[in-house]
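2 protein chains.
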Amino acid sequence: MPEPLRLGIAGLGTVGAALVGVLQRKHDFLAQRCGRPIVIAGVSARDRTRDRGLDLSGVEWFDDPVALAQSAGIDVFVELIGGDEGPAADAIRAALRSGKHVVTANKALLARHGVELARKAEDKGLLLNFEAAVAGGVPVIKAMRETLTANTIQRVYGILNGTCNYILSEMEATGADYADVLADAQRLGYAEADPTFDVEGFDTAHKLAILTSIAFGCRISVDDIYVEGISNIASADIQAAAELGYRIKLLGVAQRTDTGIEQRVHPTLVPLEAPIAQIHGVTNAVAIDADIVGRLVMSGPGAGGEATASAVAGDIADIAKSRPGHQQAPALGTPARNLTPYKQARMRAHAGGYFIRLSVNDRAGAFASIASRMAQEGISLKSIVQHGTSAAKEDAGQAVILVTHTTTESAIRAALKNIDVDGHLVSRPQMIRIES
Amino acid sequence: MPEPLRLGIAGLGTVGAALVGVLQRKHDFLAQRCGRPIVIAGVSARDRTRDRGLDLSGVEWFDDPVALAQSAGIDVFVELIGGDEGPAADAIRAALRSGKHVVTANKALLARHGVELARKAEDKGLLLNFEAAVAGGVPVIKAMRETLTANTIQRVYGILNGTCNYILSEMEATGADYADVLADAQRLGYAEADPTFDVEGFDTAHKLAILTSIAFGCRISVDDIYVEGISNIASADIQAAAELGYRIKLLGVAQRTDTGIEQRVHPTLVPLEAPIAQIHGVTNAVAIDADIVGRLVMSGPGAGGEATASAVAGDIADIAKSRPGHQQAPALGTPARNLTPYKQARMRAHAGGYFIRLSVNDRAGAFASIASRMAQEGISLKSIVQHGTSAAKEDAGQAVILVTHTTTESAIRAALKNIDVDGHLVSRPQMIRIES
Chain A
1 MPEPLRLGIA GLGTVGAALV GVLQRKHDFL AQRCGRPIVI AGVSARDRTR DRGLDLSGVE
61 WFDDPVALAQ SAGIDVFVEL IGGDEGPAAD AIRAALRSGK HVVTANKALL ARHGVELARK
121 AEDKGLLLNF EAAVAGGVPV IKAMRETLTA NTIQRVYGIL NGTCNYILSE MEATGADYAD
181 VLADAQRLGY AEADPTFDVE GFDTAHKLAI LTSIAFGCRI SVDDIYVEGI SNIASADIQA
241 AAELGYRIKL LGVAQRTDTG IEQRVHPTLV PLEAPIAQIH GVTNAVAIDA DIVGRLVMSG
301 PGAGGEATAS AVAGDIADIA KSRPGHQQAP ALGTPARNLT PYKQARMRAH AGGYFIRLSV
361 NDRAGAFASI ASRMAQEGIS LKSIVQHGTS AAKEDAGQAV ILVTHTTTES AIRAALKNID
421 VDGHLVSRPQ MIRIES
Chain B
437 MPEPLRLGIA GLGTVGAALV GVLQRKHDFL AQRCGRPIVI AGVSARDRTR DRGLDLSGVE
497 WFDDPVALAQ SAGIDVFVEL IGGDEGPAAD AIRAALRSGK HVVTANKALL ARHGVELARK
557 AEDKGLLLNF EAAVAGGVPV IKAMRETLTA NTIQRVYGIL NGTCNYILSE MEATGADYAD
617 VLADAQRLGY AEADPTFDVE GFDTAHKLAI LTSIAFGCRI SVDDIYVEGI SNIASADIQA
677 AAELGYRIKL LGVAQRTDTG IEQRVHPTLV PLEAPIAQIH GVTNAVAIDA DIVGRLVMSG
737 PGAGGEATAS AVAGDIADIA KSRPGHQQAP ALGTPARNLT PYKQARMRAH AGGYFIRLSV
797 NDRAGAFASI ASRMAQEGIS LKSIVQHGTS AAKEDAGQAV ILVTHTTTES AIRAALKNID
857 VDGHLVSRPQ MIRIES
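Protein chains in written order, with this note's numbering: chain A, 1 to 436; chain B, 437 to 872.
Because the hints were derived from the structure by calculation, they are not lab data. C-beta: ideal position from N, C-alpha, C; glycine also. Please note: incorrect hints may appear among the correct ones.
As the list claims (entries may be wrong) - Distance condition first, Cα-Cα at most 27 Å in a straight line; then the derived DSS-like pairs of lysine-lysine:
1. A:K343 with B:K462
2. A:K124 with B:K560
3. A:K26 with B:K779
Unchecked claim - Calculated Cβ distances over 10 Å to all of chain B for the following chain A residues:
4. R46
5. D55
6. E60
7. W61
8. G86
9. G99
10. R119
11. Y178
12. D184
13. A234
14. A242
15. G245
16. A351
17. G378
18. T408
19. V421
Unchecked claim - Computed footprint of chain A on chain B; a stretch qualifies when at least three of its residues, placed anywhere within it, have a C-beta under 8 Å from a C-beta of chain A:
20. 461-473
21. 575-589
22. 719-731
23. 742-749
Using the sequences and the accompanying hints, generate a full structural model.
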C-alpha cells in the first residue's frame, strides 16, 4: 500500500466537523480513487471537551493550530478556523514555512492575504488550494484558474451569497418586506443573528476579490470594491422589476473596462430569462464571459457544511493524487510574482442601464420636470411607468419607475441630485443597476 | 527563463487550427500565467499544402502522426485527428510509450479505448487530459474527476450534443417539422451533411460513456448504452409537451440503480422550470447529483473550434504549470487499475414517468380501452388529454396524450403492445421518457 496522505485539520465547526465525517465514512472510497489512503493525523479546535458527534480516537489533538501546522506528522494543513487575521493566518504561514501544502475555505483571509500566501506557497513548490472559499461546492476556482487559463476574461459575475439570494427569493415569492423575511431566515438558520456581513455585501465582496484576481491576473484588492447590500430593497422594487421583466439579485461583478477593472457588489436587475435569474434560494451561481470559450455558467450549493466539505475534500484529493512534493500549480491561476497591480476603474464611470424608483409629490409638472432632468444629463429612457398607487408603504408619494438605456453612474447621480433639489421627491430615490 | 513546454499537434482541422491560433496569439499571456512558454514544436496533418491561414514557419512538419508522437522534440502530444481507431489511436499509444503526456478531444477513441490508455498513462506517471472530449468548453471532466472526488454520484445527465439541441430548440420556436429544421441546420453548418451520428444519439453516447466511468468509478462501456435519437420527434410532441409544462431535450443520462448502472440516451421531457430546460441552441449543459455536494449544473458552448480549443489549451496549461515528469492524476478520476467492472442495469427495469402520444381511431370505447390497458399493467396516469384535432399531419387519427406517474419501461411496453393489439392505433405510438 502506498504512503497515506496525512492531514492536520484546524477548526472543527460546521465545515470542519462535516469534513471529518466525510473523510471517515469515505475512507476506503477515497483511498481507491486517490490511489492512497487519506488519514486525519491531527486536529485542533478551541474546545477539546465539546461533543461534536465525531470519533477522534487515535487522532492527535493540538491546542495550538500553529503547532499542528508545523507538526512533522502531517503533509497537508487544512485551515477551517476562519477570520482574516489571528490563528488562521498564523497557522497557514507556519504550515507553508514548514513545507506543508495548505487547503483552506477562508475567503476573508485570502481576500486580505491571498497574494502573499500564494507567493509563499509557490516559492516552496507547495499547493494552496481553496475551492471552497468561493461559491462553496461549485468548482468555479478550478474552472477559472485551470481550464480557462488561455482565456482573457471580460467579466465574471455571480450570486455568491446564499443568505441574500434566499431573502430576495422569499421577498419575491411571498411579497413580504425585507425585515420580515430576514427574521424568518434567522429563525431557519439561513441568516446569522448579526446578518450585516452577509446582507450588506461584505461576504460577496471577499469572494469577488478572489475571483477578480484569478480572472484578470491582477493582485487582490478587496478594499477597492464598491459595495452596496440588500437592506434597502423594498418589496415595491421587486414588484416593479418583475413587471418590467427583471428579477433583483445581489451580484458580485468584476469587469474589464477601458479605464481599469470594475469590482462591484450591489443589488442588480437581471432579465427574467437570464440563467442567473433562475437561481433561487441559497444556491450560488457564477457566469464567466471569456474571449475564447464564450460564456460559462455554473451553479450549485454555495454554503453549508457538507457542500463546503465536498470542495475541501476535492482539494485534498488533488494533492493525494499527485506525487508528493512535486506539485506546482499557481494558487491564483497566474504565479503570484507575475500578477499585475490592480488598476481600479472609477465607479462614477460605470456604464450600464439603471432602474430608478421615485416617490414623488402628486404635483402637476413633476413628471415633465423629472424627464427633463434626465434628458439634461443625456440619459435616454427605455421605459417610464407612473403608478396611480402609492410608491411604498413607507410614504405617501406616487411611484414613478424609470428604466434607462446605457448611461454612466455619474450622469445618474447628477440627475437624481437635481430632481431632489427640484423638490419633487417624498423620500430618498431608489437606484438599482441593471446587468444584461 | 524556464524551459518551454514543447507541443506536437496532430490534426489541423477546425479544432487544431483554432488551437494553433490561440497558442500563437496568446503566447506571452500563457507564458506569464503558466510560468513558462508553451511552444508548438511539431505538427502533423494529412495535407501539407492546404492553406489553413496559419503561420507554421519554424514548426517541424510530420507526415506521420506516430513519428510526431515519438519525436524527442516534444513533451506533450496533442491529438486532434479524431476517429476511434487508426492514426489517432496509434499515435496516442506511441506517445505514451515514449513518455509523452497526451491531450486529446477525441471522445470516440476514449469511449472505446479510454481505460486502456488511462492505464498506460498511469503506469508511466503521465497525464492523459481530455476536457474537450465532453461538453466542449464546459469544464465538466475536471469538476467530476477532481473536485467531486469524495462524492458518490447518483446521477449525471446532460445536453451533450449541440446539433440536437439546436434542432429541438428551433422546432419549438418555429413550430416547424424535424426535417425542415434539420435542412436549415445543415445550411447553417450546425449539422453535418450526414447527420446520423449526431441526431441518432451516438455522439451523445460516446460522451456519456466517458462521464459514466468518471462518475461511478467503473470501466467504460459504450456498447451497453441504450440509444434513441431525435429523428422521430414530431412537432406535435413538442407542442403537447409544452402544454403539459415540459420541454423535450435529447439527454444522456447515467444513473445508479439497485440493479446496476443505467446508461441511456433518448429524447426526454424535462420540466419547463428545470435549469436544463433553459439551455437553448448549440449550448451544452451537465447536471450532477452527488451525495455530499448536492446538485451542480454547468453550461456553456459544447462545440466549435474556439470553445473546444479553449478546453484543450487548459489541459495543456495544466501540464505546463506542473513540474515536468512528476504529475500523476488518474485520467478517469480513479486509477485505471481500480476501476470496477461496469454492471449494466436492464433498460426494461428503468423506472420513471412516461409521455405517450397515441393517434387513435375515433371509435367509441377506444379511450376507455386504452385506460384499462394501462391500469392492467399497474400504470397510474398523471394526466390524460384528448385533443379534438388530428394527432399529427401524417395521419388521420385523433391525438390522445398520456402522462404516467413513475412506472417501469417493461410495463409501458406491455401496455402499448396490448393497445396496439386491440386495434385502436392509427400509427406507431410515441413514447418519451420524463426526467425529473
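Report the numbers of all earlier hints that the structure fails to satisfy, in ascending order. none
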